[in-house]
Amino acid sequence: MFVFYAFLVTTVLTALDLIYIKTFQLENYDIKKYLKKTLEFDFAFGKKNKINFTKRLKRLIFIDFLLKFFIFLMFFGLIDNFWVNFVIVFFFVISSSFAVLLSFFVTYPFEELIKKRFIKKAKEKLSNINCKKIAITGSYGKTSTKNILYQILKEEFDVCATPQSFNTPMGICKTILENLKETDDFLIVEYGARRLGDIEFLAKNFGVDFGIITPIGNCHLETFGCFENIEQEKYELCKEAKEWVVFNGKSKGSRSLFDRFPKKKYLVCEDNSFAYAKNIETSATGSKFDMVIDGQSFACETRLLGKANIDNIVVASAMAYLLNESIYSIQKAIKGLKSTPHRLELIVGANVSIIDDSFNSNHDGFLQALEIISKFKGQKIVVSPGIVELGAEQNKVNFEVGKEVGKVADIFIVMNKTNQKALSDGAKQGGMSESQIFFANTRDEQKKLLKKVIKSGGVVLFENDFPDNIK
102 MFVFYAFLVT TVLTALDLIY IKTFQLENYD IKKYLKKTLE FDFAFGKKNK
152 INFTKRLKRL IFIDFLLKFF IFLMFFGLID NFWVNFVIVF FFVISSSFAV
202 LLSFFVTYPF EELIKKRFIK KAKEKLSNIN CKKIAITGSY GKTSTKNILY
252 QILKEEFDVC ATPQSFNTPM GICKTILENL KETDDFLIVE YGARRLGDIE
302 FLAKNFGVDF GIITPIGNCH LETFGCFENI EQEKYELCKE AKEWVVFNGK
352 SKGSRSLFDR FPKKKYLVCE DNSFAYAKNI ETSATGSKFD MVIDGQSFAC
402 ETRLLGKANI DNIVVASAMA YLLNESIYSI QKAIKGLKST PHRLELIVGA
452 NVSIIDDSFN SNHDGFLQAL EIISKFKGQK IVVSPGIVEL GAEQNKVNFE
502 VGKEVGKVAD IFIVMNKTNQ KALSDGAKQG GMSESQIFFA NTRDEQKKLL
552 KKVIKSGGVV LFENDFPDNI K
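All you need for my numbering is the position in the sequence shown, starting with 1, plus 101.
I should point out that these hints are in silico values taken from the structure, not numbers from a laboratory. Please note that the accuracy of each hint is not assured.
The calculated lysine-lysine pairs, modelled on BS3-like cross-linking and capped at a C-alpha distance of 25 Å, are [to be verified]:
{"id": "1", "residue 1": "Lys156", "residue 2": "Lys216"}
{"id": "2", "residue 1": "Lys233", "residue 2": "Lys340"}
{"id": "3", "residue 1": "Lys156", "residue 2": "Lys217"}
{"id": "4", "residue 1": "Lys504", "residue 2": "Lys529"}
{"id": "5", "residue 1": "Lys305", "residue 2": "Lys222"}
{"id": "6", "residue 1": "Lys508", "residue 2": "Lys556"}
{"id": "7", "residue 1": "Lys234", "residue 2": "Lys340"}
{"id": "8", "residue 1": "Lys233", "residue 2": "Lys282"}
{"id": "9", "residue 1": "Lys226", "residue 2": "Lys156"}
{"id": "10", "residue 1": "Lys255", "residue 2": "Lys275"}
{"id": "11", "residue 1": "Lys529", "residue 2": "Lys497"}
{"id": "12", "residue 1": "Lys552", "residue 2": "Lys529"}
{"id": "13", "residue 1": "Lys222", "residue 2": "Lys159"}
{"id": "14", "residue 1": "Lys478", "residue 2": "Lys408"}
{"id": "15", "residue 1": "Lys552", "residue 2": "Lys481"}
{"id": "16", "residue 1": "Lys433", "residue 2": "Lys255"}
{"id": "17", "residue 1": "Lys221", "residue 2": "Lys305"}
{"id": "18", "residue 1": "Lys216", "residue 2": "Lys233"}
{"id": "19", "residue 1": "Lys504", "residue 2": "Lys353"}
{"id": "20", "residue 1": "Lys353", "residue 2": "Lys408"}
All values reported here derive from a predicted model rather than from experimental measurement.
Start from the sequences, fold in the hints, and give me the full structure.
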């Protein structure tokens with residue numbers, strides 16, 4: 102009978118552990134952040150980011166169950182006293198967060214072996230395919246630039262690119278093992294980093310033939326510590342490039358890396374650089390401009406929104422041109438470009454337009470999105486939780502973007518509590534009144550507020566998107 106009780110108690114406690122496990126997963130298995138969340142009882146209860154039952158997570162849950170089951174089996178079998186067993190179970194209830202950590206440490210060596218095995222398999226496959234690697238990094242614009250470059254290059258070449266925001270070792274391995282074909286001419290990969298050493302690891306394992314550096318800003322400042330560390334981390338891609346690197350010169354950081362890089366390089370997006378846009382006309386439905394590449398000028402039009410996307414197009418076009426794609430094909434591809442989901446994605450509804458920029462999380466991108474909605478007629482609503490992971494700069498930056506919202510929007514719905522005061526104070530400074538600012542902590546509250554304030558013919562901007570573990 103004690104076996105049944107051990108199994109029953111273990112099942113219930115493991116189910117309760119999912120609260121901790123979900124929080125741990127959303128923190129990317131970062132122990133310090135996870136412990137901070139659990140000690141503050143700041144758990145991921147919301148529906149917005151459901152637990153993702155990856156193979157790794159299933160293994161963690163299985164070990165968590167197994168450890169508890171054997172412990173309860175031992176105690177229930179040896180101690181035939183209800184109250185003593187009750188105290189044991191209660192102890193495990195209040196120490197569940199640490200039990201999850203114990204399971205993590207047990208599985209960690211095994212997970213590392215799996216990681217190494219997948220990387221080895223991906224590298225072996227990559228070495229047997231005669232394709233060139235185009236690696237992209239920067240603080241923002243990586244995914245959009247990657248997707249634009251993919252759409253342009255596929256006009257004349259066979260191309261494989263990492264999907265969505267896959268920019269970690271396992272995401273890149275998955276792409277290589279499942280999507281890369283022997284006939285592909287190019288593999289476009291996005292190299293992401295949250296701390297020092299991440300890009301060096303990716304570049305050394307998967308390689309860089311041609312590099313792209315997008316604008317560099319204060320993203321993940323909390324984990325990097327300072328801007329100089331961010332800049333140095335991005336430079337690791339340049340150091341591994343075998344052929345050349347294209348730099349988007351619109352940010353101080355990327356321009357600094359261009360000046361520093363001693364090998365073959367191309368600066369773009371600045372006037373009179375290797376490639377740039379001029380005579381730009383932006384609207385609520387797209388843009389028109391003249392592209393200049395290597396002294397040659399040609400007219401372009403695109404459905405993509407905002408000047409930032411024009412810069413992304415210039416970067417991708419310059420790389421395609423350097424890889425010997427014809428200007429005719431580049432021009433044709435630009436006209437047919439599709440927006441990257443959740444990145445300045447325009448969704449036109451029957452009564453209202455939506456700009457989905459929910460995967461954006463940087464200062465410059467926020468301002469670009471506000472510039473875009475200023476071109477729309479009718480009511481303008483901004484829904485945003487602001488920007489996180491900025492360390493000591495967070496309040497200042499969110500106050501500034503809040504002020505810009507106050508100048509442009511009619512309604513501001515501030516999501517979550519993290520930046521609530523900075524954003525609302527900024528919006529008031531920008532000209533908004535208390536009656537124009539609303540607060541929501543859940544998706545349901547947000548929907549109710551939108552139904553209450555929205556007017557036909559307007560536009561709603563969803564800027565940035567926090568997971569449940571950001572309150």
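Results of checking the hints against the structure:
1. Lys156 / Lys216: Holds, at about 12 Å.
2. Lys233 / Lys340: holds, 17 Å
3. Lys156 / Lys217: holds, 16 Å
4. Lys504 / Lys529: This hinted pair holds, its Cα atoms lying about 7 Å apart.
5. Lys305 / Lys222: Holds, because 15 Å separates the two Cα atoms, which is no more than 25 Å.
6. Lys508 / Lys556: holds, 19 Å
7. Lys234 / Lys340: holds, 14 Å
8. Lys233 / Lys282: Within the cut-off at roughly 12 Å; holds.
9. Lys226 / Lys156: Holds. Lys226 to Lys156 sits at ~22 Å (cutoff 25 Å).
10. Lys255 / Lys275: holds, 21 Å
11. Lys529 / Lys497: holds, 15 Å
12. Lys552 / Lys529: With a Cα-Cα distance of about 23 Å, the restraint between Lys552 and Lys529 holds, given a limit of 25 Å.
13. Lys222 / Lys159: Holds: Lys222 and Lys159 sit about 22 Å apart, inside 25 Å.
14. Lys478 / Lys408: holds, 19 Å
15. Lys552 / Lys481: The hint holds at about 14 Å.
16. Lys433 / Lys255: holds, 11 Å
17. Lys221 / Lys305: Distance of about 12 Å is within 25 Å: holds.
18. Lys216 / Lys233: Holds. Lys216 to Lys233 sits at ~24 Å (cutoff 25 Å).
19. Lys504 / Lys353: holds, 23 Å
20. Lys353 / Lys408: holds, 17 Å
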